[in-house]
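For the record, the sequence lines run as chains A and B.
Mapping of the first sequence onto the numbering used here: residues 5 to 302, in sequence order.
Mapping of the second sequence onto the numbering used here: residues 5 to 302, in sequence order.
In short, the hints are calculated from the structure, not lab data.
It is possible that some hints are incorrect.
[Said to hold, decoys possible] In silico DSS-like links for lysine-lysine, alpha-carbon gap of 25 angstroms or less:
no.: 1; chain 1: B; residue 1: K257; chain 2: A; residue 2: K257
no.: 2; chain 1: B; residue 1: K257; chain 2: A; residue 2: K75
no.: 3; chain 1: B; residue 1: K75; chain 2: A; residue 2: K257
no.: 4; chain 1: A; residue 1: K75; chain 2: B; residue 2: K261
no.: 5; chain 1: B; residue 1: K62; chain 2: B; residue 2: K161
2 protein chains.
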Amino acid sequence: MKLAVIGLGLIGGSMAKDLRRTKFATEIIGVDSHPLNAKMALEMGIVDRIETLESAVKEADIVLVAIPVDKIVVLLPTILDLISASTTVIDVGSTKREITESVKNHPLRGNFIASHPMSGTENSGPSAAIEHLFEHKICIVCDHGICRPQHLALAEKMFQSLGMPIAYMSSDEQDHTTAFISHLPHATSFALANAVLAIEDRNIIFDLASGGFQSTVRLAKSSPQMWAPIFWQNRDYIYEALEVYIHHLEEFKRSLKNNDHEGLTSLIVNANKIRGVLVGENSSLTKNEETIIKLYTK
Amino acid sequence: MKLAVIGLGLIGGSMAKDLRRTKFATEIIGVDSHPLNAKMALEMGIVDRIETLESAVKEADIVLVAIPVDKIVVLLPTILDLISASTTVIDVGSTKREITESVKNHPLRGNFIASHPMSGTENSGPSAAIEHLFEHKICIVCDHGICRPQHLALAEKMFQSLGMPIAYMSSDEQDHTTAFISHLPHATSFALANAVLAIEDRNIIFDLASGGFQSTVRLAKSSPQMWAPIFWQNRDYIYEALEVYIHHLEEFKRSLKNNDHEGLTSLIVNANKIRGVLVGENSSLTKNEETIIKLYTK
Chain A
5 MKLAVIGLGL IGGSMAKDLR RTKFATEIIG VDSHPLNAKM ALEMGIVDRI
55 ETLESAVKEA DIVLVAIPVD KIVVLLPTIL DLISASTTVI DVGSTKREIT
105 ESVKNHPLRG NFIASHPMSG TENSGPSAAI EHLFEHKICI VCDHGICRPQ
155 HLALAEKMFQ SLGMPIAYMS SDEQDHTTAF ISHLPHATSF ALANAVLAIE
205 DRNIIFDLAS GGFQSTVRLA KSSPQMWAPI FWQNRDYIYE ALEVYIHHLE
255 EFKRSLKNND HEGLTSLIVN ANKIRGVLVG ENSSLTKNEE TIIKLYTK
Chain B
5 MKLAVIGLGL IGGSMAKDLR RTKFATEIIG VDSHPLNAKM ALEMGIVDRI
55 ETLESAVKEA DIVLVAIPVD KIVVLLPTIL DLISASTTVI DVGSTKREIT
105 ESVKNHPLRG NFIASHPMSG TENSGPSAAI EHLFEHKICI VCDHGICRPQ
155 HLALAEKMFQ SLGMPIAYMS SDEQDHTTAF ISHLPHATSF ALANAVLAIE
205 DRNIIFDLAS GGFQSTVRLA KSSPQMWAPI FWQNRDYIYE ALEVYIHHLE
255 EFKRSLKNND HEGLTSLIVN ANKIRGVLVG ENSSLTKNEE TIIKLYTK
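All chains, please: the whole structure from these sequences, using the hints.
See below:
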């Protein structure tokens, strides 16, 4: 299987590593608009060679599009213009409505699988690429009914080879769900970093930073190149999620202001329920994978 | 050195384990108002025996008070009433103003060292106790000028034996700083859990929960017995921190509402500065320990 990876960052690079390891890909062609990234990915052995977008896309069996979501909407129609009828195109962007909208009338829309593998780290670039990043993490596949069966099947095989159970939903459902589970936590982390960076005696504060602060603020290290376009494309649902979240923060403020001991305690007791519904911290979804697969099978 | 540990939970239990390992304590007496916790700590070998508060405190060289902060303000004056003039008392609560206030006129105030070791996990009880929890983490010692030199020296020796650099500040400074670096991250995590638990299709959301969500929401698993009293005792500074934080969240909302691409990007770029000021994620403070010690030496 000849794989073209467009965008050799954390996600594209990590997928390339795993797909080579599992022997799903026998040949990997890299494309990256930053020559330095391309060079590094080649030197690290993540890709076998670097080519232009045109030539990479033309000879590949699968084209994996792993660039920021604002770049995907621009490049995806071009990629579908360039491929043959037998090529499968998969994007891995964190938003889906604008991306699927960008190719909805394309004659080769059926060759394209809109996906969102639910894994990542706060780091970026080819040097951030790591093996096993996707194992036991869910991959969302959107609007699969529009895909031609052989392309969908190949994409599913690829995600399975990465160790990912697949959840099927519409682009709209995915954008709404992801606004809460992924985009909102990034916003809360960015805002926490900004709040603490703004205060006067911040040096003292950083010196004292404990594990609790560090885990809560970890996502604030995520790159603006990737995240500003995600916020942008999903702004309506992220706005909604922020409003819901601020409402819950205001409840803490209210309980403190009103000397409401009982109210404060019940807010914490309720939050604790997250323990029951989430698997362990660095967890994979192994424990309830079967349920998930049952829930979201097409 | 005979050590009495009042409260055999995560902090008391973890300290006992380390102080035995480093041979700082040769004998450890446990006190816990929950018989089950006491039994478990004894069976796990965290303590050598269980005694009543009165008898434990009377025979110990050091009394370590590791119970929720609302219990500390009640028990601390009694403990100082019970000890001999040569006994050192150390508390490890997350707030300091109300605690130091509770004993400010006690004749043995000089025997008491108000401290806050900046480490923990979201788990509680003796079974959550782990070794090396405090290594290279900072311990705040408050109002040390009031302490009698021999008691301060012994407390410092104990924290050093746990591997902790010490930062000296006033109770007021500690409560303000800690509101931002520890209490606010807990509030943001509790509120995030509540926000996501409140939405209708929450099962889908939890199934999809990625590492990013899990790290941001981890602290929401923390116990109300410990955290409600902390919020309560530090409510003015936590209220201030929440206001600052909500202001920064509103900036994200505003940039989305006003189609302000540049503004959104600059919020993320600013948040990224946290990368430069924080050491690695699971980090200790080893890297800048020397600076810290220089900054906060008495």
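Evaluated hints:
1. About 19 angstroms separates the Cα atoms of K257 (chain B) and K257 (chain A), which keeps this hinted pair within 25 angstroms; it holds.
2. Note on K257 (chain B) and K75 (chain A): the hinted pairing holds, with a Cα-Cα distance of about 23 angstroms set against a maximum of 25 angstroms.
3. Distance hint between K75 (chain B) and K257 (chain A) is fulfilled; the C-alpha atoms sit about 23 angstroms from each other, no more than 25 angstroms.
4. For a cut-off of 25 angstroms, the pair hint linking K75 (chain A) to K261 (chain B) stands: about 22 angstroms separates their Cα positions.
5. Distance restraint check for K62 (chain B) and K161 (chain B): the Cα-Cα separation of roughly 21 angstroms lies within the 25 angstroms cut-off, and the hinted pair is therefore satisfied.
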